[in-house]
Every structure is written in C-alpha cells, then in structure tokens.
Amino acid sequence: MEPREAARVLAQTQADARRSLDFRAPWVSLVAAVVVLAGFGIVWLDVRNQHPFTGPSPASLVFFYGLIALRIATVIYAYARARTGVSGHSVKVQRDEAVVMSGVLLVCYLALIGIANSGSHHGAGFYWSLFLNGTLIALAAVWAGRCAIHKRWHEVALTVPVALIAALAAIAGPRGMWLVNGVGLCVLLLANAAIGTWQRRATRTHTVRTGA
Amino acid sequence: MTAEALDPLIHVPARLQIMAALATLPDGDQLSFKRLQDMLELTPGNLITHLRKLEEAGYLATSKTGSGPASRTSVALTHDGRHALEIYATTLRGLLNGVSAGPAASGSHLDRHGASPG
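As they're listed, the protein sequences go chains C and X.
By the working numbering, the letter at position 53 of the first sequence is numbered 67, and the numbering carries on one by one without gaps.
By the working numbering, the letter at position 66 of the second sequence is numbered 323, and the numbering carries on one by one without gaps.
Same shape as in the complex, but just chain X (with noise of 0.2 Å):
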C-alpha cells in the first residue's frame, strides 16, 4: 500500500486540518467560518477554497444565517465526511503499520486518536 491510496481530496494538509477540527465536534453542530479559520489559522480565501473542495464532494455543508454584515456562515462535516475521514484514518495507520522502521512509526497515536475522528 502507498501513499496513494489515502483519499487525495482529504490528503492535503489544509484540507486535512479542516476535516480533523470539524471531525471533533459532536453529529448535529456546526462550527462559524471565522472560528474554524481563527482555530487553523488559515487567510479567508484559502480556507474558502478549500471548503469549496470539500463542499462539492459531499465532505462537508455549510449554512448561511442573517443577512448583511450579521450574517454567519456556519460548516459541518455530513455523514460521508466523516465516514470518508475514519476511512483515511484507517488507511494512514495502515500505511504507517507498513513502513514503520521503529517506535517513532508505530501510528499508535492514531490508534487513540485518528481511528475515531468523532
């Protein structure tokens, strides 16, 4: 197995970043652009590219509230998100399993952690 064949939508460092925070909020909340991007440190029109991404492969839905300058946009993973996430966790471990050349490698960390993203 390598590197390949982790989902590539998911296998981008911002993108992975953004399904790993969504990933921890509970099923039914949403978190609001500005936090999400406050949280990764992201520039808006990056983040909003890579939402966009996310977006259109059914990872992730956003929402809109108000209007104006009140209004909020608000982000979710969807159910294949988080099932497409806990599939690239597995793969990742994995992977790791595979090449693991010592302790370092192991990929326990995501036995504790990657394996359930939620």
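Isolated chain C, as found in the complex (with noise of 0.2 Å):
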C-alpha cells in the first residue's frame, strides 16, 4: 500500500466512523428546527391577539406537545442508530446526563406548581413566560454547565444562544416570546445543520482530493 493510498484509507476510515458513531446528525437538527418553527409558530398564531393574555387553546398545546414528541422521538431514533453496539464510559455518561436533564425538567416543574399554589396571585402571562423559557433557561444552563466541563465547547456554543433566546423571549412579553422562541431557535438550529454539513463535506472533499 502507497503511503497516500494509507493516508486516504487513514483519513475516510475515521471521517466514516466519526459520522457513523455521531447521534447529532445535521438532518436531526434539521427536524427540530422544523418542528421547533411549526410548534411555537401554531400557539404564536393562537394568543397573538388576545388581549388580555389568557395562554394557549388546548388544541394549539396539544399540537405543540405533539411536535416536541416528534422531536424527542427523532432524537431517541438516531441516538439508537448511531450508538447500536457501543458500550463503555461515555454510554454511562450520556445515560447521566439524560437522567440529570430530565431531573431538571422535573424540578422546573415542581417550582411552577409551587409558585402557582403559593398564594400569589400573577396573571396568565407570568406563569406561561416562567414555564416556557424559565424551563428554557434552566435546561440550557444546566447544560451548557455539563459540556463546559467535559470541554464539548461546540455544544456550548450551541446552548448558551438558547439560553438567551429564552431571556430575550422573556422580555418580549407573554404573547411575542412563541414567536422570539420559535424564530431564534430555529435560526440557531438551522445555523448548527448547516455546519455541521459543511463539516462533514470539508473532511470528505479534502480527503478525497488528498486521496487521488
């Protein structure tokens, strides 16, 4: 074997099982940032003319929670593609991980019935906003936190922008944080598809050139 062609096999051998083995696939983010723009867009198109707030009819919310399914269900799908006969540490990692954010859902939750049986009397708008991008906030954060320590530095970069998004949603009030939410995250998503494609086809246009 020539050393170029050794070089080829080198380089498109680990640039195969790199996408192979990489569960975060630019068609996954391709989905949610569909599913992402559909779903706050469906309940945006719902309040934005009720004045004063009342929230979101339940047939938008079950729309809403329907596309969230669809995306946790095409995550679980190509998270089980791409990790079938892995085993080992960062197995144990990504399942700790999965349980921690869950964990933190779970306590934003909480903190929300908690608030609303406090006997404080807040409109409908104030707990929609602390429901949806205060869970924003917490699981963004939260997990910005877990990737900074594992120096995933990508997926910060990924995280922080929700985390803001959601800040910024806030601020647009009780009506325009499903629109601030549903268009940032899907520009952010789109913007994260995107490289990850041009990633993918730098390495394999490079190595085939290199190859030839």
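Check before you lean on any hint, since a few could be wrong.
Okay, derived cross-link-like pairs now, DSSO-like style, lysine-lysine, Cα gap no bigger than 27 Å in a straight line [said to hold, decoys possible]: (1) C:K106 with C:K165; (2) X:K291 with X:K321; (3) X:K291 with X:K310; (4) X:K321 with C:K106; (5) C:K106 with X:K291; (6) X:K321 with X:K310.
If you are wondering where the hints come from, they were derived from the structure by calculation, not from laboratory data.
Only a predicted model underlies this, so the values are computations on that prediction, with no experimental measurement involved.
Need the complex rebuilt from these two chains, each delivered in its own frame; the hints are there to steer you.
Below, the structure is given as structure tokens:
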C-alpha cells in the first residue's frame, strides 16, 4: 500500500466512523428546526390577538406537545441508530446526562406548581413565561455547564444562545415570546445543521482530493 | 524515509481501517464485533483474522459478555494500540511531506485527522 493510499484509507475511515457514530447528525437539527418553528409558530398564531393574554388553546397545546414528542422520538431514533454496538464509559455518561436533564425538567415543573400554589396572584402571562422561558433557561444553563466541564465547546456554543433567546423571549412578553423562541431556536438549529453539513463535506472533499 | 518505516502490522488496509475506526471511540469505550463488521464491510472470517493479529500485538483488547446465542464480543483499542496508530500517522505524514509532488500530496488532511486518531 502506497503512503498516499494509506493516508486516504486512514482519513476516510475515521471520517466515516465519526459520521456513523455521531447521533447529532445535521438532519436531526433540521427536523428540530422545523419542529420548533411549527410548534412555537402555531401557538403564537393562537395567542397573538389575545388582549388580555389568557394562554394557548388546548388544540394548539396538543399540537405543540405533539411536535415536542416528535422531536424526542427523532433524537431517540438517531441515538439508537448511531450508538448501536457501542458500550463503555461514554454510554454511561450520556445516560447520566439524560437523567440529570430529566431531573432539571421535573424540578422546573415542581417549582412552577409551587409558585402557582403559593397564594401569590399573577396573570397567565407570568406563569406561561416562567414555564416556557424559565424551563429553557434552566435546561440550557445546566447543559452548557455540563458540556463546559467535559470541554465540549461546540455544544456550549450551541446551548448558551438557547438561554439568551429564552431571556429575550421573556422580555418580548407572553404573546411575543412564542414567536421569539420559535424563530430564534429555528435559526440556531438551521445554523447548526449548516455547520455540521459543511464540516462533513469539507472532510470528505479534502480526503478525496488528497487521496486522488 | 521509506514506506518500510511504517508499522507493518498496521500497514495493511483492513487492519488500518480497524485501528482507525476504533480510534474514533473515546477512551473506555468498546465497539461490538457486529457493528465494527458493518462499519468496515468485512466478512466475519476476515475481521476475526485481523483482530487476532492486532490483539496478539497488544494493540486491541476483546471482551466477551453473555453466553450462547446472546453472547457479544466487543473490541477496543488499548493504550499501546492508540499510541502505535499515532506513531503510524506521524510517520505517514513525514513520508508524504518527503515525497510531496504537489498540493495533493501535502498530507494536510493528516494534520487535521491522522495526527490525533483519538
């Protein structure tokens, strides 16, 4: 085997293996971008003319949660497909992360229930903003911290803007927050999908060119 | 420097593929025999032959869990194996720079991918 051919085999195999084992494929981000835009968008269309704000209708919430379920299903599918046959430390770490994030979500809901039952009176906009933006900020902050500890800077760069978008959405008010979150998260996920696709293409093109 | 400077145990297409694929896993992770076979599109017999040679050299470790039809064999690079692949990639880069005849042979993709197989 010629050195150049060996170099091509080495680079190509590693690029293929990384792509095969990575469950954060661009198409997963693309699906998520469509899901957040449609999910938040339908609720925004539902509430944008509410004066005063009373909250999304049950029909739009069913649609919203249905899309969230679709998003979770695509992640589980992509994870199962990419990580089949892989065992060891990283699998345990990922399971722990899933437990931690589920715990954060649970704490957010319990805190919201606690605030609602504390006797203080707030409008529907307050509770919905706390529910939506508060949960997004808490999830993003915990995930960013976790990724920073493990030096996964790409994920930190993706997660910190989620918290910023949610903070911006909180300022936008109970009607505008659905639009700000929908558009903001959609743009972020599209950018992530584009960067992922570009990185994969760049690796493939470079490998083919060098091995030619 | 000639191609003979490359580790002969790794410098075989199938074994280089096995080492390269396993090197993409983080330390402490293993890959099942079946998944590795699917990834590299090698026949079971061919894969077993190459795995044995690499295992005898101490470059990878296999472990078996379960018994009977439900048993599963997993493979992982050892510390020595990872180190051997790093040396192989470095030597390869040196060779490519030495024989460089144009931009295609600059070895720059190894700078990005081959030098840090982990």
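Hint check results:
{"no.": "1", "hint": "C:K106 with C:K165", "in the structure": "holds (17 Å)"}
{"no.": "2", "hint": "X:K291 with X:K321", "in the structure": "holds (13 Å)"}
{"no.": "3", "hint": "X:K291 with X:K310", "in the structure": "holds (18 Å)"}
{"no.": "4", "hint": "X:K321 with C:K106", "in the structure": "holds (19 Å)"}
{"no.": "5", "hint": "C:K106 with X:K291", "in the structure": "holds (21 Å)"}
{"no.": "6", "hint": "X:K321 with X:K310", "in the structure": "holds (18 Å)"}
In terms of the numbered hints stated before, the structure departs from none.
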